[in-house]
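First to last, the sequence lines map onto chains A and B. According to the numbering used here, the stretch in the first sequence is residues 1 to 250, in order. According to the numbering used here, the stretch in the second sequence is residues 1 to 280, in order.
All clues stand as given, with none of them false.
In silico DSS-like cross-links for lysine-lysine, where the CA-CA straight-line distance does not exceed 30 Å:
(1) A:K229 / A:K168
(2) A:K62 / B:K84
(3) A:K72 / A:K226
(4) A:K62 / B:K160
(5) A:K72 / B:K84
Covered by chain B, according to a simulated footprint, are these stretches of chain A (three or more residues, beta-carbon under 8 Å):
(6) 76-89
(7) 97-107
(8) 113-125
No lab work stands behind these hints, which were simulated from the structure alone. Owing to the predicted nature of the structure, the values given are computational and were not obtained by experimental measurement. Positions of the beta carbon are idealized from the N, C-alpha and C atoms, including for glycine.
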Amino acid sequence: MIELQNIHVIFNKGTRLENHVLKGIDLKVEEGEFVTIIGGNGAGKSTLMNILAGDITPNKGKINIDGNDITKLPTYKRANLIARIFQDPMLGTFADLTIEENLSLACRRGKSRRINLALNSNLREHFKSALAEVGIGLERRLKDKVSLLSGGQRQALSLVMATMQDSKILLLDEHTAALDPKIAKSILEMTAKVVKNHKLTAIMITHSMTQALEYGNRTIMMYHGKINKDMNSEERALLSPDNLLKFFDL
Amino acid sequence: MNILQLLGSVEIGLIYALVAIGVYISYRIIDFPDLTVDGTFTLGAAVASSLIIANIDPLIATLMSIFAGALAGMVTGYLNVRWKILGLLAGILTMTALYSINLRVMGKPNITIIEDATIFGSQSVIIVSSIVVIIFIVLLVRLFSSEFGLAVRASGINPKVSNSYGINVATMKLFALAASNGIVALAGALFAQSQGFADISMGAGTIIVGLASLIIGEALLQPKAIITSLVACVIGSIVYRIAIALALNANSIGLQASDLSLITALLVAVTMILPKLKHR
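Here chain A stands alone, though its shape is the one from the complex (with noise of 0.2 Å):
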């Protein structure tokens, strides 16, 4: 279970762009739930993310994973119990390495890197299987680049890339953005799929209301920096996303 107590961010504290980012997040995520967020410009959204990824730490609160307090362990520490997906598929990939180095180096996520060779026949066969789940052909590309491949192709890749290794949580940040609707549309069926498929937990965030019901089973809103909507999926099925939108006027 993910447990978010009480996290406080604060910007440029003691200046006069002090900007408080978070304000009193509590947020508990069991195991096996996936959760869309929404909300505003400068709702905290992707601070969240950060919070819960390492790369920000909290002025206040504190961030349990299973019971472990992690607050302050920084991003590489923690990447074995956190993978994710990054809104750029330009930059959230290793673009001038191959397929098969991707993959080989999400492998090791969180554990030690040692001198054994990073590429072996068996992992090639696990990573064909691994590949041919999202179904977009990738298997047969193992040796190319992925400066090759496009923006739809690199995220299906990151997804792959996710499941290589187990993780208490996957964060996705609006990793859909950058594509065109209907790529968004096939990665996101393809998230679905991969998520129920490992039974993972998952965090992601969305600026389609469309997307955030129909995608998960709970729903969280922010707004200011604070979560000020929650709803399982009993209270999502009574939405639509023109409610939902009625919301963001509060």
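Please build the complex by placing chain B on the supplied structure of chain A, with the hints as guidance.
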């Protein structure tokens, strides 16, 4: 150019191939323009020759110079990763400090070891340095295909994502700079032993020579894999030396040995400008 001059160019080219390989590791693999090498080349020469005149076995003397170079590289890395000093400046700081340290190590501005036993023994410099270069290429290719080596490469390509995959980017940088400067110091040690002297100013312009060799090699081989890149460093270094020898030999152009730095700097500048003109 006669055959003797050609062999001389190949000889120096092979030794400086190690410089190009060192520069490749910092400049290309972790994307760190490291100026420390100007100091570490001399450091390698200084440590090796001082130990040799103290009657230490030349092999041990050479190994110690690698160790000293690696240490210098880690100082630059430490300044950069721990105190966020700009990479270029961190390198300049270490390089500047090394000038004094090298004088301390040598005790005087130059040391002659022409009479002493060297790592080359009675073998030809070309054969011994070829073997050394091949050993390092094999080691580096193996290293960079390992889980650890792949993480080093990844941290140069995309530090942010590396972090999220549990790679400690700071450690990887330190390692790469240590490896790079260790190899450059080895080049310095071999150069001193092949030429029979170490001199306080012998490292000036090492970074540019390394870069020139790297760029020439890459232009010729268009490498995609690590092994081709390393071979490109060797070929680039030898071609660079031959080109320089040819230019200096052609009396009609009127160049003299002291024009070397100017030619090298122009060469690097032009090779960096050309691809940008093409994209216009």
